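A.B. asks: Please put together the full structure from these sequences, using the hints given.
Next come the chains, spelled out residue by residue.
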Amino acid sequence: MLQDWAPVLVFLILVTGFAVVSVVMSYVMGVKKPNSRKLAPYECGMQPTGTARERFSVKFYLVAMLFLLFDIEAVFLFPWAVVYRDLRIFGFLEMLLFIAAILAGYIYVWKKGALEWER
Amino acid sequence: MNIPVVNLGAILPAIMLSLFGIAIMVAEPFVSDAKKSWLGWLAIAGTIAAMLALAPMSRQAGQWYTNLWIVDSYSIFFHFLFILIAAITILTSMNFLQREGIHHTEYYALLLFATVGMMMMAGSNELIMVFLGLEILSIATYVLAGFRRTDLKSNESAMKYFLLGSFSSAFFLYGVALIFGATGSTNLIVIADSLRSGDPQTSLVSLAAALMLIGLCFKVAVAPFHVWAPDVYEGAPTPVTGFMSVGPKAAGFAVLLRIFMTAFPTLEDRWTSVFWIVAALTMLIGNVIALVQPNIKRMLAYSSIAHAGYIAVAVAAGSEHGVSAVLFYTLAYSVTNLGAFAVVTMLSRSEDKLVNLNDYAGLASKRPGLAAVLSLFMLSLAGVPGTAGFAGKFFIFKAAVQSGLIWLAVIGVITTVVSFYYYLYVIVQMYMRDPNEEFADVRTTGPLKLALAITIAGTLYLGILPTRFLDWTVSAAVNALR
Amino acid sequence: MLELALFYIFGTIAVVSAILVITQHNVVHSAIFLAGTLLSVAGIFLALNAEFLAGVQVIVYVGGILVLFVFVIMLIAVERSTFERQFNRQWKIALITSAILIGELVYVVYQGRDTFVLAEPAVPLVQGAAGNSQQVGMGLYTTYLLPFEIASILLLVAIVGAVVLAKKKTQTE
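Chains as they are written, first to last, in the numbering used here: chain A, 37 to 155; chain B, -3 to 478; chain C, 16 to 188.
Treat the hints as calculated values from the structure; they're not laboratory data. Some hints could be false.
To be verified - Beta-carbon label-pair distances, calculated as ranges:
| no. | chain 1 | residue 1 | chain 2 | residue 2 | range |
| --- | --- | --- | --- | --- | --- |
| 1 | A | Leu132 | B | Ala57 | 25 to 35 Å |
| 2 | B | Leu148 | C | Gln126 | 45 to 55 Å |
| 3 | C | Tyr122 | B | Gly180 | 18 to 28 Å |
| 4 | C | Arg100 | B | Leu148 | 16 to 26 Å |
| 5 | B | Ala57 | C | Leu120 | 33 to 43 Å |
| 6 | A | Tyr120 | B | Ile44 | 35 to 45 Å |
Everything numeric in this text was worked out from a predicted model, so none of it was measured. Glycine included, C-beta positions come from ideal geometry on N, C-alpha and C.
C.D. replies: Below, the structure is given as C-alpha cells:
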C-alpha cells in the first residue's frame, strides 16, 4: 500500500534534484559580470520603486479568511464524492443541506460587500 | 452500507435556532438600519419556536444518530435553560445595540448560533460532538466580546478570551485524543464500558481525564483557571458579559457532569477530590477578591467565579442530590445574574461607561424602582432567604453534607457570609449615598422591562416555590446517573 | 520497517522546523519553516496510510492557513519586528514549567504504555484503490452525519465573525 506511493517519492526526488542541479550548475558555470542594473530586482522591465516590504491592506486578510472557510467546505466534498455512488439520494440530500447553509453564508458575505475591493 | 436513522424531532430546538439564526444573518444586509430592531424580534421569535420545539423533543427520549445524541430529561433541562438565557440576553441587548449605534444585527445570529453550540454540548453523547459544540460556542463568544470594534477594552477582551480560550480547547482536545488512544472510542458509554472491563486506574486514562477537566475548567472559570475572566468580562459589551457569565458556564458544567458521570464513574474517587480543592479555592478567591473591586462588571466577574465555586461543591458531592443541585443552582444563578446585568446594561448608558460602584450612588432616591430591582438581584446573589439564590445554595450545601463533605460546606457558608459585604455594598451605595446625578437619561424600554419581568419572576418563584423545578432537576439527575 | 523509517525522518523534520519557527528572527522565515512542519506532518499521515488526511493537511493547512499567516505577516511591519526581542523576560520560567509539563506527560504515557493497543494500519475498503477516502467518506456521511451538518453552523459562525471583525466600516456607521 505504501509502495503505491513510490512513484510520488521518485517524482519528489526528481523535482528536488532538478531544481538543485539547475541552480548549482548555473552558479558554477555561469559568467558573472554584475552591474547595478543587473542586480536590481526585475519588475517586468520597469524601474523598481520603493521597497517590496510594504504593508498590505487588511482587505487581504478578509479575503484570505473567507477563502480558507470556503476551502474547508470544499474539502468536505472530496470524501463525499468518492462514496456518493453508495449513499445515493441520502448522500445527495445531506450534502444539499450542508451546501445550503454555506450558500446562505455566501449570500451574506456577498451582500455585505465583503468581496468588493473598493468601499 | 447503513443509512442512519434521521430523527429531526430529537434536535428540533437546535434546528429552530439554526434556521432563525441563518435567516437573521441573510436578512442583515438587506434590511435598512432603521428597521433592524425587527431582526431582534425575529431572534425572540426563534427562541419561542425553540421553546415550543422542546415538547416534540421530549417525546423522543433515547439515543439517536448512531448513539451520538442523547435525549433525556437532563439534556432537555439544559436545552430549556439555554433557550431561556438566549431569550433574556436578546431582550437585554435590543436597547443596548440601538443606544450604542451598533447596526450589526449579526449579533443576534451569533447569539443563536452560540446557543446551538451549547445545546450540542449538553445533548451529545460523544466527545467529538462536544468539541464541535464547544468551538461553535467559543468562536461566537469571542466575536461577541469584541463587538464594540472601536473600543480598545472590547478588543482586549476579545483577544484575551480568544488566546486563552483556544489554549483551553487544545487541552480538551488532547484529552479526547488520549482517551481515544486508551479506549479506542470517543463515545462516552463505550469508554465507560471499556474502562470497566479493563484496568480503569491506568495513568493514561487519568491523564486524559485531567486534560479534559482542565479544558472545561477554563471554560467555566473556576480557580486556578479563572484569571482571564475579570478582564474579559470588563471589556466585553455589558449584555454579552451577562451572557458569558451564565451561558458558557452552564454549558461547561453540563458537559463536565455528563462526561465524568457517564464515561469516568470508575475514577470517581479521584475527580471528587480534585473538585473538592477546586471548589474550595474558587469560593475563597472569587469572594475575597470581589470585596475590593470598584467596577461593578469586575465585581460581578469575581462573583461569577465564586458562584462557579459553589456549583463545583455540588459537583464534588456527586450523587443525585449533588447533580440536581448543580442543575437547580445554574438555573437560579442564571436568572438572577442575567437580571443584574440587565440593570447594569441600562445604567451603563452611552459608550457603555458608567459601571463603577460609585456611579450607583443615590439611585434609590431618583429611580426607586430600578434600585429595588437591583437590590433584589443582589440579595439573591448573596443568598438571602426567599430568593432563588438561597434555595440554590441550600440544596448545594445539603447535598455536600449528605455526601460527607462537611468542611467544604463550612467553607461555602463562610465565604457566602463574606460575599454579603460586597453585594450589600451596592445596596448601601444606592440607598444611603447622595446622588451625583439625575439619572434622567436612563431609559427603560419594552424589551428591557420584559427581561426584568422574567428575571424578577424567576428569582422570586425559584426562591419561594422551588419544588416544581426541584422535581424536574431531581428526575434529570436520576436520568443522567443511570 | 519502511513506515518506521519514514516516521522518524518526517518526525525529525517536523520537530526541527517547528523549533526554527519560533527561534527565527524574521517572521517570513518562520512561516517558511512552518510550511516544512506542516508538510512533514502530511508525510507522517501518508506513512500511516491516511491519504485523505495527508491531502487535507496540504490543501487546508499549507494552502490555506499558511497563506493566511503570510497575509497577516504582511499586515504588520516586518522590518521592525526583526529588531524586536524574540522572547520576553519570563522565557526561562516558561521553559522550566514547559519542561516539567512535558516530563509529566512523557512519564504518564510511559506508565500507560501497556494500555495503548497500537492499531494496525487501516486496510482500504475498496481493494486495489490506494486510498482511505472512501472509509472517511462512509464514516463521515453515515455514522457522523450529525457532526457533519453541525460543522456547517461552525463555518457560518466563522464567516460571520470574520466579516464582523475585519470588514471596513460602511458609511452608515
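A.B. asks: Against which earlier hints does the structure fall short, listed by number upward?
C.D. replies: none
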